[in-house]
Amino acid sequence: GAGVSQSPSNKVTEKGKDVELRCDPISGHTALYWYRQRLGQGLEFLIYFQGNSAPDKSGLPSDRFSAERTGESVSTLTIQRTQQEDSAVYLCASRTGGTDTQYFGPGTRLTVL
Amino acid sequence: QKEVEQNSGPLSVPEGAIASLNCTYSDRGSQSFFWYRQYSGKSPELIMFIYSNGDKEDGRFTAQLNKASQYVSLLIRDSQPSDSATYLCAVNGGSGSSGDKLTFGTGTRLAVRP
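Heads up: the protein sequence lines correspond to chains R and S, in order. Per the working numbering, the first sequence starts with residue 23, numbered consecutively. Per the working numbering, the second sequence starts with residue 79, numbered consecutively.
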């Protein structure tokens, strides 16, 4: 079946603008994760959804970052008043309830000028 | 102390050799262990997972887990240039964190020389 999809694949924005990143998980996957990966760095956990609730938001770096999820479907990550340090690849992953194996989407490359 | 530690490399091996990638983790309560491969500019893809002490083999890949030593490794036999990538170790189910959250190491860059 289809894998995790993310849009847009690339986003260039100006400092101070808001951006929305979208993730479509694999159908039937109840858990959804957002990660950030800065250039040459490892993956940094941001937030985790189980269904449409977020039991772990511990990785969100500031109150400029928020995320929501509709049911067990699409999630959006919103970054308000973007800063240059927000430039990174934002990765989404999903997993089914029966395992703890996460499958990643292709990512959104965000560049803040 | 980082929760999941990997040598950043690069680890350079000749084509056909065995590449050995290592990872240590700090949370003794960790239950599940994963190896992901990430090509430059691409997203991580799952290579293997292991839950029990010992070895798990899948084709040219063998994952090894030693919970007493808090150590997990990935061996790649008959290394090919196409194996050149960054290998990410990830750990789940630690006692001090959300049991559903993966904690990633920073990755080891592998370069296989033709």
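In case anyone wonders, no lab produced these hints; they're calculated from the structure. On a predicted model such as this, the values are computed, not experimentally measured, just so you know. All C-beta atoms in this analysis are idealised placements derived from N, C-alpha and C, irrespective of residue type, glycine included. Treat the hints with care, as some may be off.
Claimed, not checked - Using C-beta positions, here's what the derived DEER-type ranges look like:
1) R:PRO83 / S:PRO192: 28 to 34 Å
2) S:ARG155 / R:ASN32: 35 to 41 Å
3) S:GLU93 / R:SER88: 45 to 51 Å
4) S:ALA146 / R:ASN74: 17 to 23 Å
5) R:GLY119 / S:SER98: 30 to 36 Å
6) R:THR133 / S:GLY87: 22 to 28 Å
7) S:ARG155 / R:GLY93: 40 to 46 Å
List, from low to high, the hint numbers that the structure doesn't satisfy.
Numbers 1, 4, in rising order.
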